[in-house]
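Visitor: Each chain, written out:
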Amino acid sequence: MFCTRCGASIADNSVFCPSCGATVQRPPSAAQPVAGPPPIAGTPPVPPAPYGFTSVPVAPLPYASWGSRVLAYIIDMLIVLVLVIPLALIAGIMGMGGAMFHSLAPLGHVFGSGCCCALALFPVVQIAFGIYNRIYLPSIRGYSIGQGVAKIKLVDAFGNLLPQSTLWLRLLVQVLLGMVPVVGWLDLLWPLWDERRQTLHDKAVNSYVIDFPPAVAMP
Amino acid sequence: MKRGLAQLVTGLLMLTGLAAARVTMRADTKDVWLLGHRTAAACTFRQHFGVPCPNCGMSRSLILSMHGNLHEAMLLNPAGPLLIAGIIGAALLLLGGAASRNQTRVARWMLPSVLIYAVIYVAVLIGHWLFEIL
Numbered sequence: 001m002f003c004t005r006c007g008a009s010i011a012d013n014s015v016f017c018p019s020c021g022a023t024v025q026r027p028p029s030a031a032q033p034v035a036g037p038p039p040i041a042g043t044p045p046v047p048p049a050p051y052g053f054t055s056v057p058v059a060p061l062p063y064a065s066w067g068s069r070v071l072a073y074i075i076d077m078l079i080v081l082v083l084v085i086p087l088a089l090i091a092g093i094m095g096m097g098g099a100m101f102h103s104l105a106p107l108g109h110v111f112g113s114g115c116c117c118a119l120a121l122f123p124v125v126q127i128a129f130g131i132y133n134r135i136y137l138p139s140i141r142g143y144s145i146g147q148g149v150a151k152i153k154l155v156d157a158f159g160n161l162l163p164q165s166t167l168w169l170r171l172l173v174q175v176l177l178g179m180v181p182v183v184g185w186l187d188l189l190w191p192l193w194d195e196r197r198q199t200l201h202d203k204a205v206n207s208y209v210i211d212f213p214p215a216v217a218m219p
Numbered sequence: 001m002k003r004g005l006a007q008l009v010t011g012l013l014m015l016t017g018l019a020a021a022r023v024t025m026r027a028d029t030k031d032v033w034l035l036g037h038r039t040a041a042a043c044t045f046r047q048h049f050g051v052p053c054p055n056c057g058m059s060r061s062l063i064l065s066m067h068g069n070l071h072e073a074m075l076l077n078p079a080g081p082l083l084i085a086g087i088i089g090a091a092l093l094l095l096g097g098a099a100s101r102n103q104t105r106v107a108r109w110m111l112p113s114v115l116i117y118a119v120i121y122v123a124v125l126i127g128h129w130l131f132e133i134l
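In order, the protein sequences belong to chains A and B. Going by the numbering used here, the residue at position 43 of the first sequence is 43; the numbering climbs one at a time, nothing skipped. Going by the numbering used here, the residue at position 72 of the second sequence is 72; the numbering climbs one at a time, nothing skipped.
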């Protein structure tokens, strides 16, 4: 069997992982063995662990390549850009109008206020779309719009979808790391040398990004 | 690309970038020079709102830190020396990770370090900013 925390191979009767020291997770009742994680298409099914221990399919998970993750990231960013461009155009037109009709008090104020409103909507649109695309969609189907195009999926160590609380924490860690120059890039580059191709914000919540065939994943 | 090679390249690029910035840039408490030419970049946030943004003084602070003027750098923006120390530390960790055979141990050690560092960095950045505007 494997440790649920670090993935190291451990003896079936172990209480603690000799590699990382984590307590071996057991099911609520040892008499009723827990079924193994749902099989992922294209990978061999993982046999249930003996003695009812929960095994982790560390080896069989088809971890997504760094290129697929970057593609998904770029697509999600482009969608934000597409949403923001109309706002930028509105803000620009309103700003120009405000400058042109500066002498006409009511009209100039209307244009000026419109420009400010459009600019204020920038972060609102980004945050709202981020919550929908990075929290809501992965919680119900496992992938954001960009991840769906790149045919990759966000799961836990057992291949299950992540709950919203975990997705919030994952996003929070990513935002925190992104606030530090260089560290944000390091976080995105981390799958290049990580054995499970996780980013640091993946590691923080023990999530994995895997490949999936569209026939299985499309609801 | 092999995992160790990716770490090695990233770590070396970070150190090379720092070295290149140190050679090509210099600063005092007022201005920044790039290849001997004074740059005239002003903070848009400060121009519009009349108060500094959290990153005000960061360019000068970073360059002064790279040249060893830590006291002046700390006065301009204390996040500057912290960022330089973080970049050097991360680069050395990556180079160490490239040489290490136990990648899992490196990753396990790296994650809490980076998280703690990020929290400290953001706290210093925001704390200094609040101190400046209040």
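It is worth saying that the hints were derived from the structure and are not from the lab. Here a beta-carbon is modelled for each residue, glycine too, at the ideal position from N, C-alpha and C. A portion of the hints provided could be inaccurate.
[Said to hold, decoys possible] Once the Cα atoms are required to be at most 25 Å apart in a straight line, the calculated SDA-like pairs of lysine to any residue come out as:
hint	chain 1	residue 1	chain 2	residue 2
1	B	Lys2	A	Trp185
2	A	Lys151	A	Ile79
3	B	Lys2	A	Gly184
4	B	Lys2	A	Tyr73
5	B	Lys2	A	Pro123
6	B	Lys2	A	Gly7
7	A	Lys151	A	Leu188
8	B	Lys2	A	Ile127
9	B	Lys2	B	Met74
10	B	Lys30	A	Pro181
11	A	Lys151	B	Gly89
12	A	Lys151	B	Arg3
13	B	Lys30	A	Leu192
14	B	Lys2	A	Leu192
15	B	Lys2	A	Ile79
16	A	Lys151	A	Leu189
17	B	Lys30	A	Trp185
[Claimed, not checked] Not the full set, but computed from the structure, chain A residues with beta-carbon under 10 Å of chain B:
hint	residue
18	Tyr63
19	Trp66
20	Met100
21	Val149
22	Asp156
23	Val173
24	Leu192
25	Asp194
Visitor: Now look at each hint and say whether the structure bears it out.
Guide: Hints, verified against the model:
1. Lys2(B) <-> Trp185(A): holds (19 Å)
2. Lys151(A) <-> Ile79(A): holds (17 Å)
3. Lys2(B) <-> Gly184(A): holds (22 Å)
4. Lys2(B) <-> Tyr73(A): holds (23 Å)
5. Lys2(B) <-> Pro123(A): violated (39 Å)
6. Lys2(B) <-> Gly7(A): holds (21 Å)
7. Lys151(A) <-> Leu188(A): holds (18 Å)
8. Lys2(B) <-> Ile127(A): violated (36 Å)
9. Lys2(B) <-> Met74(B): Since the Cα atoms of Lys2(B) and Met74(B) sit roughly 39 Å apart, the hinted pair is violated (cutoff 25 Å).
10. Lys30(B) <-> Pro181(A): holds (23 Å)
11. Lys151(A) <-> Gly89(B): violated (35 Å)
12. Lys151(A) <-> Arg3(B): Holds - the C-alpha atoms of Arg3(B) and Lys151(A) are around 23 Å apart, at most 25 Å.
13. Lys30(B) <-> Leu192(A): Distance ~40 Å between Lys30(B) and Leu192(A) Cα, so the pair is violated.
14. Lys2(B) <-> Leu192(A): holds (8 Å)
15. Lys2(B) <-> Ile79(A): With a Cα-Cα distance of about 32 Å, the restraint between Lys2(B) and Ile79(A) is violated, given a limit of 25 Å.
16. Lys151(A) <-> Leu189(A): holds (20 Å)
17. Lys30(B) <-> Trp185(A): This hinted pair is violated, its Cα atoms lying about 29 Å apart.
18. Tyr63: violated (12 Å)
19. Trp66: holds (9 Å)
20. Met100: violated (20 Å)
21. Val149: Not OK, violated: Val149(A) not within 10 Å of chain B, min 24 Å.
22. Asp156: violated (17 Å)
23. Val173: Holds - the Cβ of Val173(A) comes within 10 Å of chain B, reaching about 7 Å at its closest.
24. Leu192: With Cβ-Cβ at 4 Å, under 10 Å, it holds.
25. Asp194: Cβ of Asp194(A) sits 6 Å from chain B, so the hint holds.
Checked against the numbered hints given earlier, this structure breaks hints 5, 8, 9, 11, 13, 15, 17, 18, 20, 21 and 22; the rest are met.
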